Amino acid sequence: MKGISHFISGVTAASFCPWAVEAAMEGNPLYFVLGGAFGVLPDTLDFKFYRFFYYHDIYVEPEGGNPDPQRIAEQAAKAVEMALKEKRTVRLKLSTVRMGADFWRQYSIKFDSEKQEVQVRIGAVVNTGQVPVPGSEPKENQKIGRAKLVCPIVQTYDAVTRVDIFDGPTFAMQPDEQGRVVLHFLPWHRSWTHSFTLGAAFAALGWLIWGWQAAVVIMAGLSVHVLEDQMGLMGSNLFFPITKKRFHGLHLMRAGDSVPNFGVVWTCCLLIFWNLYRHIPSPTFKFTFLQLVFYGAVIPLGAFWLAHFLLTRGKKAEEAVAPGQDEFDEPVAAS
Amino acid sequence: MSAALSVLVATLVGTVLSCVISVLPALHAYNVLGAFVMGMFALTARGIELAPEVYLPFMVGMIVGWSMLNTIPSILLGAPDESAMFTVLPGQKYLMFGRGYEGTMVTGVGGLAGVFFLVFIVGPFAPKVLPPVQEVLRLHMHWILWVIITFILMTEWPKGGNWGPGGWKKFFDAWRSLGAGLLTFFLSGFLGFILLYRSPVSVDVAFQNIMPAFVGLFAIPWCLLNIISGTRVPKQHISKSLDIDGDLILRSVGAGGLGGGFAAFFPVVTGGVGGLLAGHATAQRDERVFIMSQGVSKLVYYVGAFMLLFVPGLGITRGGAAWMMRQLYMPRTYYDYYMILAAIAIAGAVSFLMMSPLTRATIWFIEKTNYRNASVFALAIILAIVYVMTGWGGILVMTVATGIGLIPVLFASRRLNCLGVLLLPIACNMSGFGQDIAAWLGLI
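Residue numbers (my numbering), protein chains in the order written: chain A, 1 to 335; chain B, 336 to 779.
Hints are supplied without guarantee of correctness; some may be wrong.
Stated by the list, open to error - Residues from chain A shown here face chain B by an in silico Cβ test under 7 Å; the list is partial:
no. : residue
1   : F7
2   : A24
3   : P29
4   : K48
5   : A307
Quick caveat, the hints were computed from the structure, so don't treat them as lab data.
Every value quoted in this text rests on a predicted model; they were computed, and no experiment measured them.
We put the CB at the ideal spot given by N, CA and C, even for glycine.
Whenever a hint applies, use it, and build me the whole structure from the sequences.
Right under this line is the structure:
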């Protein structure tokens, strides 16, 4: 999920603690700040600390002016081969290609388990908003590179990964006992940082500094983040170091999907509001939780959805006619 | 003259006058309204009383017109106020692709959509919805502010550390921009404490205290960047259509209405912060939606904040214009409320109609003048306004603020961190330890 969803979920977790609301009413923001901070902390640890120290066996750094898709594909295939032959996990890093202050050459990599090959396609130049620059696509004969894989691969994430802005992705190639190589996307993400054990460690620290109330808030905030991430494709290593691998996610959503993210944020706002309302001794305005949900969610979101539906009916019919294809011009199953 | 005609004429005068102040970079509607309020006091001292049906719609016309039309210098002259911060970078991209007119007009459509949102959606429901919301949240504003500060500081994305093997070098490369962001926040917070407790700006113009700081933090660094980089603006194409549809507008209103509304309702939270939060919450990828939603957010923030004073049964004052207006008049009835809504609607329509000719005129100016000279001209106006309004004390504050405002420009960190100038001292005060910190800093 996006950072704001995790953050406000942590704040919401804090709002369920009566001492947090009481302290806030007396002018002490500590528990809510802790809830939000620890709600977003796992991703902060990964994206702002851990990934900069993560070691890779192979670095793919395409040439700036004219990246060679064949070379990229061969290096990716080499990583798979190395993992199989050396019987160890090999880490492959795909770097982005910066073309200027605000421009990046986009490329895509596909690990095709049916054809047992890796394909790389060089795309257009995009800006930091990932909007393509018109006329920047490479020539046809410079676009695609292919390399055969020495063994079958097992996908745990999307088959196609797009590499464009800022930091490029990492893959971990892990051989299994059946002579295959399992591909793990962003192996440094959601490992030890997204575990309940880390939450417990931080909670213990919080107890020492601020007392048991802070420990509860810290544990709740971090745990909510971990649980939310199980909805996605990647899961996490829930009980590090007792467990060694990331549990599979439930595949219910993607981290960047706008509807579930917004849904979480909106729901959290209503829950926080309700929890604050419950602590008002003699409120002037009285309402039930169901009324809050009806007037706060059902009506406004329902009206928005209805307007969106009416305004996009024609567009959806057009999109339904064209079959989905990925960047490699191969059919994609409708989701 | 009947009340309705007074409202209409006053709104039109205020809106048309706003187009003059809107195209001048750094001149904020609040600065002019501050002078207007002082003028009203002078008239009252001479025994001349103007009816509320005259000065209230006039003020509305100024605020609505400025919120809509100030997009023009923000995008085309690269001189944004804080609320337009997020618009400028994508807006300038449009400018550099010869589509400055389109980018500005898309933002203007957002402003008009914001007017619809305020008049037809917020307007009817605010008297029912906002009073209970205020009752619940009244005692919790302080921690909401702290939570927002925490979010701003924790969610900045590192710009560097993207290449090379893992290690300390990579880590420090990434943390250059993050460290600069934190430094910006705390330095601007320090500046905020100075302005709150020991401002060099004269007491006579204390209501303009924050203006030099905001100008230095947000507007001047952009101008300097344009001047130093010698930006060349390509020929601009005046498009006949904007390539937008109803769903785009709907999504923009959703995102911008939330952000601007949040900023309008919560004290100290400004349009830029509201825009950031709404942008994250709604996760819109389309750049047109982003730009349009910033237009919505800016208008809803400034106009909505003023409008809150008029919501019957609410009784809150938000935004500089409302605080100034309270000195003249305290609204109480639905009559005042509907009058303001009508003035917002009229001003919104008129200012949107002025958007296209003013944008074309500004583009003509840029193309004739050369962008670097236009930026120099903008900078000269900014300096003159700051000096006239606040004197040498204001120039000093502006200079210091410019130094701080240049940090995010040079290190590619988030410019929103400059809002520490407001967020940090006020959050500390709301939590009851602002004076302790000021004393520790030696300010009192």
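Next item on the list: May I ask you to test the interface hint for A/P29 with respect to chain B, counting a Cβ-Cβ separation under 7 Å as satisfied?
Entry: holds (3 Å)
Item checked: Proposed interface contact between A/F7 and chain B, which counts if any beta carbon pair is under 7 Å -> At 5 Å from the nearest chain B Cβ, A/F7 passes the 7 Å test, so the hint holds.
Item checked: Agreement of hint A/K48 with chain B interface, Cβ distance less than 7 Å -> holds (6 Å)
Note to self: Min Cβ distance, A/A307 to chain B: is it shorter than 7 Å?
What the structure shows: holds (5 Å)
Item checked: When the least beta-carbon distance from A/A24 to chain B is tested against 7 Å, hint result -> Given a least distance of 5 Å, the restraint on A/A24 holds.
Every hint from the earlier list agrees with this structure, and none is contradicted.
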